[in-house]
Structure formats: structure tokens, C-alpha cells
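Protein chains in written order, with the numbering used here: chain A, 1 to 438; chain B, 1 to 187; chain C, 1 to 322.
Please keep in mind that the hints were generated in silico from the structure rather than gathered at the bench. Note that CB positions come from ideal geometry on N, CA and C, so glycine has one too. Some hints here could point you the wrong way.
[Claimed, not checked] Chain C stretches covered by chain A per the calculated footprint, using a threshold of three residues with CB under 8 Å from any CB of chain A:
1. 51-65
2. 70-76
[Said to hold, decoys possible] Cβ-Cβ distance ranges computed for the label pairs, FRET-style:
3. B/157 with A/381: 19 to 25 Å
4. A/213 with B/14: 32 to 38 Å
5. A/356 with B/42: 45 to 51 Å
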Amino acid sequence: MSPVSSGLLLVGGLFALLATGMPIAFALGLAAVGALVLQGGFPIFYVLSETMFAGIANLAYVSIPMFVLMGAAVASSPAGGDLYASLDRWLNRVPGGLVLSNIGACAIFSGMTGSSPATCAAIGKMGIPEMMNRGYPASVATGSIAAGGTLGILIPPSVTLIVYGISTETSIGRLFMAGVLPGIMLTAMFMVWAVFDAKRKGFEFGARAMRYTLAQKLETLPRIGPFLLIIAGTLYVLYGGIATPSEAAGAGALLTLLVVVIAYRLFRFRPIAGIFGSAMRESVMIMMIMAAAELFSFALSSLFVTQTVASAIASLEVNRWVLMAVINLFLLVAGMFLPPVAVIVMSAPLLFPIVTQAGFDPYWFAIVLTINMEVGLITPPVGLNLFVINAIAPQVPTRDILWGSLPYVLVMFLAILILCIFPEIATWLPNQMMGAAT
Amino acid sequence: MISAFVSAVGALSRLLAIVATLLLIAAMLVVCEMILVRYVFRAATIWQTDFVIFAATASVFLGAPYVLLKNGHVGVDVVELLLKPRPRRVLRIIGALCGLAFCAAMLAASYINFEEAWSAGWKHSSVWAPRLWIPLSALPVGFGMLCLQYVAQILVMLREPLQADPAAEHIAMAHAVAPHALEETAR
Amino acid sequence: AAAFISLAGPAAQADTVLKASHQFPGGKGDVRDEMVQIIAREVEAANVGLKIQVFPGSSLYKPNDQWNALARGLLDMSSFPLDYASGKVPQFSATLMPGLVGNLDRAKRLNDSPFMADIKKLISDAGVVVIADAWLSGGFVSKKDCITSPESIKGQVVRAAGPAFEQMLAAAGASISSMPSSEIYTGMQTGVLDAANTSSASLVSYRLFEQGKCLTAPGENALWFMYEPVLMSKRVFEGLTEPQRAAILAAGKKSEAFFDAEIRKGDQKMIDAYKKANVQVVEMSKGDYDAWLAVAKSSAYDKFANDVPGGGELIEKALAVK
Ligand code: NA
Ligand code: NA
């Protein structure tokens, strides 16, 4: 069998397995094991275990459960509600102020967790009912949370960027920095759209009548103190010369736990055990996909599929921007069906050499890829943020959530376009802080 | 008989989940200890990196059966949602059998690896040089337990009356994706 | 794997396709990648129905996993740092033992010594054969004082390459920090590390000249050498035809000759890169070297001789080489 036909068989087999609804991790693994046994017989069993184990036994990967833990700690405390309430007092007179509070709270929360569903859940739990109480349509309420939540993987720390960094051997610290300005830009674009939409539809409600004095506004500030403490602390550990990025995640997690437990007096066993338990579940889910994806890419490489496809694309005489458009399309489609982590571990080894050979900056590409993955988080059939919203607002039909998040998808496309025209938005900060990329 | 088996398997998965969670906590604490030792005391860190990596990796395989129990491994349910209850159940059973096949294959593969590491006395090549069978044992244990968990699920599916609505499905999945938010809501 | 590929492989007809894997960047002039590429080119040109697919940059096997795959006949060829398998064959630690090699000329003489005969016997017993020898040199880079004598490293936080080195440096009063080599740059940048000890290739490719103030280049009295031969699975090698084996061995000789010529250039390239970045470049004197050897004897050598069967004899044999 030629590399191309065995590759098609492998990918086809994977899709057939995924169609049963079985866990993505096990579908990846079974397709890989099947292909490897067909290729080389059962002796391959001698290396399967090492391949999975060594695939995730890496210090950088340890930061994933740690950043997930940070998110879990904040999400299961009242901190998300406090953050949200405070922003509301400051923003309630702006048209669509609550939508802005949502997006703003998501953006700040993103600085504390590497995971989008966590962001979505933490802010949405408070934000969605509040907005619907004040008369916002369900689609606007849920859509803005679904989209705001996606910022979790763009604004550092980000599990997606960590996985990209490991898969492509690029610097994770640098990737994080590359995400800062695009993250702020996308937040601002979301907000501009929210204000525009609210003006257009005339969302006023009683919000404007509710006036807060400056004292009332200021009094909420101490309540967001814990957040600022966590963000400042983690940044200090990250960039202050105390630890490498992978280690900073562990320190950030412990710091967050301490702040949350002390500030909100969660001194009982149950809530603390709940934080750890939920963090364990989410990180096992992510890491299992990555371990199995190691098997899958081992199979692709072993069948010489990766190399054949890469050299075929590299030899195509197309304009580099056509190439980039094709890659974006591929990422969008892949992102619709698979969670970000799975897309990256499977495609990065293939796409990375092509992209860099075509002269694109690897850090810029990481950000473009991440925004593509953000789109995937709010598109069916597999959109992790959609699942979360479905669970925290079961009364809202999925159709409304999708309809509400669609405009934000378009805003993300616009952001990708802007990044293509001005790649400096991603590359400027890391270049300033760390010198030109190698 | 079947329900005794199912609940025994569930209890074992929970037990492993506790071990996995403790390993994660240990990894977090050791990372912090490592930073402290290195930065504050400027002293040697010999065993910490190895420990953290192996603890975090082992916790993935040990926690996996519990995550399966909680329906927490994300899957693609497009096809499922298009089907009527009866074919949907058939599809699910096929999916579970495929999952079982993979876990059984990995149980065999990881047992071979573990056995070799154990009998040949393999060590990790570092100063600390921990014995490799210790972290590697997480794979056969985890995959073995995943197999049992799948068998339990299949038995339950064969027995249960037709039901399941897609919304409940999504909520189950969200519990896995971001359980922290939902626990409050559920109470 | 060879047999299966030849049945199922497309490249078809008669060619046996072998897989070669390594962890180093492909097509970017890394000397270890070049060695494998030369073997692949030469073997194909020899027209013996043999073709070698090279998988650089850990794109097939993870670095540590290559050994078992070779021994099992699942991987055909690899450029492999032998010490990575020292958890499985503890004697291999001797190939990353401080001060045992000294300089590149002596490394060549070592290849044909009784010491390396013992090592190659162990390799062969594990089911692997050596196709081409290669000893990679390395050095130190520091943000504080230049690392020359054992005294100069006292109090520095160092990331060392290899357990035996860590034992020796710790005995000299350094603080050992274990971390993956990919973290050295950020480690030095953030101040977590004062110094690092690694191969010349890594000293350049990780751009440590941006962080360091002083480089200790290998020179005539180098402490750090690592044996990174091109290996083949014995089962696969013995399954080849006589002309195929001859072609591989001849190609191995060519790649060895290439390595000898290039390795010095590589060290010079490193020195140039550091000088260009205004990093001070020093070498160890014979006196420094002997002082380190004394430290090594009471730490790493001692431990190796006590813990590893035949360890003491291996060190004696290596030190006996002129
Ligand atoms: Na984030
Ligand atoms: Na999607």
C-alpha cells in the first residue's frame, strides 16, 4: 500500500470509529494500533506502551493539569460572581453593559486559567441568569458567554499554546507573550460588536435607571482583589526570574488555591476535594487525548504518510497566502469536529514545517491557529463551550446559543484577517521582551 | 449479580481516581518545593523533576477509568443524535466494544512493557534513577480497569430499557469538561 | 520491520526499506543528522536493493524509546546517544563519564581500544550493532564566573548533561538543577540557572550565547564527551544480504570520516557564535583537567565502580588508552 492510500485508510478508519460516539482518545488509539498491526504485525505491541507514556511524560505537559487546577479553584468559588458584579457596577450605563461585563470578566478570568470551558463555566454560571433576568434575549446572553469563554485559550496561560509549544518545539513563554495583544484585541472587538449590537437592537431595560454612586462602585474593588493578586503572583513567578514557565503553573495553582480558600473561607473538606476532583477529570480527559494522539501520529509517521503529505504540499507552487487560506480552512473544519488539543497534536507536526518553510512566523501562526480553535469551541458538533452552556442554562435551546455566538465567529474571522495584514500584533510583544525569534 | 459487578467496578474506579488526584496534588506541591529549594535556598534539585513528571503522567492513566465512568472522555456524537433510540443503542454498544478493544490491546502492550521493566530492573537514566516499573505500572492498572469499566457499561447498556435524550448527554459531557461550574448548579 | 515493509511497501518491487530515526533537527546541517543522511545516500547509490527512510527530529520514536525499538527489530537504524540506555544497560554510563575522553584525537584512539570493545560487546548482546562511531564534544556556559577549575563552579546552580556529570559537579560544590535541556534557555534567562553543561551542538542551537557571559570550549582538555554512534538493529542487519551489509558498513565508514572532519568545524562554529555575541571564551588547562579528574575519581567513577558490574575495569581500560 502506498503512503497515501494507507493514510486515507487510517484517517477513514478514525472517522468511522469517531462516528460511534466513542471517546476521541480511544478512537485515535484504536485506529493507530489497527494500522500499525496491519503494517508490521504484533511485535509492534512492544513499543505501544512506551509511545503513549513517553508522549506525555514531559515537564511542559505537567503545566496543563496545573493551569486547569487554577481555573477549577476560581470557578468553584464565588470569585467569578464577584468579578462579574463589580464589572457590572462600572459598566451598567453603557448600552449592552451586561454583555460587556460578561466579556470583560471572561477576559480577566482567562488570565487565570488555560482552559476555555472553565472560563465559560465560571462566568456563565452567574452571567447568563443575570442577563436573562434583566431582559436580554437568551441568544445574546448565552452567545456572548460562549464566545467570551473562548478567550481562555488565547490570553495566557493557555493549554492550547502549551500543546503547540511542545509539538513544535517552540518556546512556551514566547507563545504566551504572543497571545497577549491579540487577546486584548479580540476582547475589544467582541466588546465593540456587543455595544453596536445593543445600540442597534436598543437594549436599555432598567439598567440605566439603576445608578451606582462612585462609592458603591469603589466598594466592589476589594472583592476583585484576589483575582489581581493571583494574576500578579503568577506573572511574577513566570517572568520575575523565579521559575520556568512549566514550573510557574504549579506555583500559580497553589497560590490560587490558597487565595481562594482563604478569601472565601472554604475550609471544609468537600469544596476543596471538589476542586481537585474536577481538575483531575478535565486534565485526564485532555491528557488522554494527547497520549493517544501520540500513537496516532506515530502510526502516520510509521506509514510515511506525514512525510509524503508534507513534501507534496511543500512542492505545490502556490502563493503562500493561498497556502495559508487552505491551512485555515483545514483547521476550521478539523476544529468543528475535534477539541483544540487533538487538532494540534495531530496536525502540528505536519503543518509546522510547511508553514515555516513558506516564511510565516511560527509564533504568529500559533495565534492564528488558536483563534481557529476558538471558533471550533463554539461550533457544532463538538464544541466544548457549547456543552458547558447547555449544562448551565438547560432552558436555552441549542439553536439560540448557536445563533447568539455566530456574530462572534464572524468577529474571529475578522481578527484572523487583521492578524494576516498586521502580523506584528502577535510578534511585537515577544520581540520586544525576548529579542527576535530564532 | 451484574449490579454487584457494576458497583464493584465503579468503586474500584473511584479508588483509583483518589490515587490519581493525590498524585496530581503531590506533583503540584513538589513543583513548588522545587522552586523554593532552587530559588530561595539555591540548593540542588535532584529528584523533583522526575517525580513531578512521573506522578502527573501516572495520574492520567489511573484517573481514566473514573472519567469513563462519569462519561467524561469527549466523543463526537453527531451521528448518535441523528438516530432513533434503537439504532442509537446499537451504535453505542459498538462504540463501547471498540473502546474495549483499544483498552484490551493497551492492557496487553503495557503489561509486556511493565513486565520487562520489572524483571530487567530498568531504571530511569538520571541521578535519582527511579525504577521504571513504578510509573509504568500505572498503564496496565489503568487500562485493566478501563476494560472492566467498559464491560460493566456494556452489561448495563444491554440490560437497560431504551431511553436517553440528547440534552442529558450534553450535560453529562459538560460535567466532564468543566465540572467545577456545574457542581454548584446541581446542588 | 524491514521484512514487513518489503512485502507491503510501495517503493515496491525489490527494494527493502529501512527506517532510521533520531532526535536531531533534519536537513539543517546537524552533524548527527548528516551522518545518517550520508549512510542513506550511499546505500541507495550502492544499488543493492536497499533504501533508508530518515525520520529526524523525533518524528518517529521519542529519543529514549529508540533503544528498545532497535533491540526488538522494530526500528532499523538510529543515531543514538548511548547513555540514554544506561537505565537498561548500566555500563553505558561510561560513555558519558566526565574526563574519560579528553579531546577529539584521543576519542578516535578510544574507538579501537579494549574499552570500546567491551562496550560494543554489551551493545551487541542487547541485539544492536554499531555502524559508525561518533564522540560529541561539549562544554560549559556560565552567567557568573568562567568554569575552569573545580573551585570555579562552587556555589553555581548548574544544569548538567548526564548523571555522572551531576555527581562530579555536586562533589565540586555546585548546586545541581535537573531540568529538560529545552528549559535551559529560560532557566538561565530567569536566573534559575547560573550555568549549564551540554554538547557543543546544543550550546549553539539553544542560543545560550544570548544568556551566558563565559563559554568553556572543549579544546585540548575537555571534560564532556558523549558517545552518539549510528546503530542498527542486529536482527535486521543480519537479515540483510551480504552485499547489503557490505554497503551499509562502507557507508558507515564514509559517515565516520565526514564526522571527523565536521566535528572540529562544529566546535569552531560554536566559538565563533559566542565570540560574536561578546561572550568570553576560555578552555581548561591540563592542571584544571587533572583537578577535575581527581574530583571525578572520588565521586562519579567511584559510584560507577561500586554500583555497576565491571564498572571499575571499564574506567581503568578507558584511562589506560594513550
Ligand atoms: Na488563559
Ligand atoms: Na466545534
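Hints the structure violates: just list their numbers, smallest first.
4, 5
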